[in-house]
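K.L.:
The primary structure of each chain is shown beneath.
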Amino acid sequence: MDMEQIAKQIITFSRDNNEPTWLTTKKSLAWSQVKNKLNENELTMLTKTWIESVKLKANVAKQVQPKFDLSKIVKLDLGVALQIYPELLQENLMEKALAWQADSLSALHLALLTSGQFVYVPSGFRAVRPLMINDKNAANNYHILIIVGAGAQVDLVEQINVAAQTGAYLGTEILLGSGAQVNYYQVDQSKSIQHYQAVHAYQAQNSNLKMYLTLFNRGNQNYDVNIDLDGDHSQATVKMVAIADQEQAQKVTTRINNYGQKTNGVIEQNGVAKDKSKIDFHAVGKIFHGAHGAQSNQHSRLLTLSKQSHGQVDPVLLIEENDVEAGHAASIGKIDEDQLYYLQTRGIDRKQAYYLLTKGFLLPVLNEIPNETLKNKAVAQLQQRLQ
Amino acid sequence: MTLEIRNLHAVIKATDQEILSGIDLTIPNGEIHAIMGPNGTGKSTLAQTIMGYPAYQITAGTIRFDGQDVLQRSVDQRAKLGLFLGMQYPAEISGVNNADFLRAAMHATTPDNPISVLEFMQQLENNMNYLEMDDEIAERYLNVGFSGGEKKRNEILQMMMLQPKLAILDEIDSGLDIDALKVVAKGINHLRSEKFSSLLITHYERLLEYVVPDVVHIMVAGKIVKSGGPQLAQQLEQTGYHKFEVTREFS
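Chains A and B, in that order, are what the protein sequence lines are.
Here the first sequence is numbered in our numbering, starting from 408 and rising by one per residue.
Here the second sequence is numbered in our numbering, starting from 953 and rising by one per residue.
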């Protein structure tokens, strides 16, 4: 891969798609920063199919009829949004929740960004139905920016599938204004072989975010959740369900940073590893200096279904303040033999019993999803993944 | 559908300790037998061995049901033959809904005769009413947070739904108050027919007042030492097991 050629193409693509000049500059800067830092494997993961996605995307954003309206829910192609709301995006795109300068991979993600979506929920808006954010055939470098205004309430469902069996980087950032209340459900069924997924959130005071993340993909995966509880009294709960089988490897890191006072973060990770697969759960709760009265709790459970399946659970609490509450629990275990026996005494064969017990291990988490439609969807998808 | 156990010896796999030391027992179709005996004498081990609990190893003897070799079969295959074990300590299984579990079990034991959802719900409702169980029990996770009495009723409910040919009920009466005991007994008697046989394992004579057995066996130290009619249970209530324990020591 010719580095100079890509540098030129980044600029050409940006101009051809009428992207704002600040973005063209930012992308070029990002590329110049990462091209020498990342090794060839990391680079080719995204650059390999980048040229293709550039060709596909070339004409889409030109058809925009600019119509500025932020009084209703906005849901747009990212390229289109960049033309209609350039200032809003300049301030928020990869700046607050998923900062492009945080690490090389994020910088690469921005440099090669060709597609994604932009969602805006205006202040005070109360959405009755869940808002669906989907793309069945997403490009392998895809970004979603969600802004939820002050006091708004919304249930978000994200289902982005990378159909191509390549490497992929999917980034989602959610910004919550003060008092915003968001239930966010993400199902990952991507077919990509090497998959990097980042879900980052930034929360202003009194906001409340509940995340339900289902890792039902079939490739190797790095999954990175990061939530910054910046405003006082903001709270976040991350509940995660992961399944790995065959030779799949999932590495999951969930981190909640308590910056504000009386902030509350809860992490719950649940995984099932079958066959020769591997799941690593890292959970980090960090309470920063000055976050008086903050709470940080985490719970990770891993079920290994075969002798060859394995994984690790790594709970970390980093505390810089005294008047806080924090706790963690972690376990790795096998299917309970007595439960298995009990089901078998009722005529249920071993395979079916394993299915029921595995489902039973994950189901109570999904049953907590507050929206009935989302819950049913999640349960159906779990069943589909287990079969 | 006769259960025939011949010279059955079993040890605990982990310790090699012998628990069953030559059991001979025949339960013909349509009969209810009771096994009584002191603590730690191997009654529950016998029940679990018939069903195939993996912690026990058979060292000698045979178990046949309806002429079929039981010991050659897996636990679920034994259930499919028509054997049922009502447990003293049923497993609690979070995330598995009681009704869904029952449906899966019925489907597994009678795959050729699938039951419709509506039919299933009706049967379930009827049987739960018969056993005076709360409706919500059907939707709760299997045995999770159930009281002792609810667990035992739930075992009987499963038995009524699955309609086994032979039900082994291991201390189904333990921890039950008199009202619950009557309900459980009602459930067993409900199934009593020429096509159903049962093996009741109990410490106390009380259950046998409500479910009158055809034969009572007394088990001591891994062997059946005496068999007789229902009056044997009443006799035991007065004399205790001591007499039989002594007899065995000298024999």
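It cannot be assumed that every hint is accurate.
Taking beta-carbon pairs under 10 Å as the criterion, some of the chain A residues facing chain B (in silico) [claimed, not checked]:
no. : residue
1   : Met410
2   : Gln412
3   : Ala414
4   : Pro722
5   : Leu725
6   : Ile726
7   : Asp745
8   : Tyr748
9   : Leu750
10  : Thr752
11  : Ile755
12  : Ala760
13  : Leu763
14  : Lys766
Just so you know, these hints were derived from the structure itself, not from any lab.
Note that beta-carbon positions come from the ideal geometry of N, C-alpha and C, so glycine has one too.
K.L.:
Determine for every hint whether it applies to the structure shown.
P.N.:
Hint-by-hint comparison with the structure:
1. Checking A/Met410 against chain B: minimum C-beta separation of about 51 Å lies over 10 Å; hint violated.
2. The beta carbon of A/Gln412 is not positioned within 10 Å of any beta carbon in chain B (closest approach about 53 Å), and the interface hint is therefore violated.
3. About 52 Å separates the beta-carbon of A/Ala414 from the nearest beta-carbon of chain B, more than 10 Å, and the hint is not met.
4. Look at A/Pro722: its Cβ only gets to about 22 Å from chain B, farther than 10 Å, so that hint breaks.
5. A hinted interface residue such as A/Leu725 counts as satisfied when its beta carbon comes closer than 10 Å to some beta carbon of chain B; here the least separation is about 31 Å, so the hint is violated.
6. Taken as an interface hint, A/Ile726 does not check out: its beta carbon lies about 31 Å from the nearest beta carbon of chain B, beyond 10 Å.
7. Of the supplied interface hints, the one on A/Asp745 holds, with its beta-carbon coming within about 5 Å of a beta-carbon of chain B, less than 10 Å.
8. Interface hint at A/Tyr748: satisfied, since its Cβ lies 6 Å from the closest Cβ of chain B, which is below the 10 Å cut-off.
9. Proximity of A/Leu750 to chain B holds as hinted, the smallest CB-CB distance being about 7 Å (cut-off 10 Å).
10. Hint on A/Thr752 holds. Least Cβ distance to chain B is approximately 5 Å, under the 10 Å limit.
11. Taken as an interface hint, A/Ile755 checks out: its beta carbon lies about 5 Å from the nearest beta carbon of chain B, inside 10 Å.
12. The restraint placing A/Ala760 at the interface with chain B holds, with a minimum CB-CB distance near 8 Å, inside the 10 Å limit.
13. Proximity of A/Leu763 to chain B holds as hinted, the smallest CB-CB distance being about 5 Å (cut-off 10 Å).
14. Taking 10 Å as the C-beta contact cut-off toward chain B, the hint placing A/Lys766 at the interface holds, the least distance being around 7 Å.
Of the numbered hints stated above, those contradicted by the structure are hints 1, 2, 3, 4, 5 and 6, listed in ascending order.
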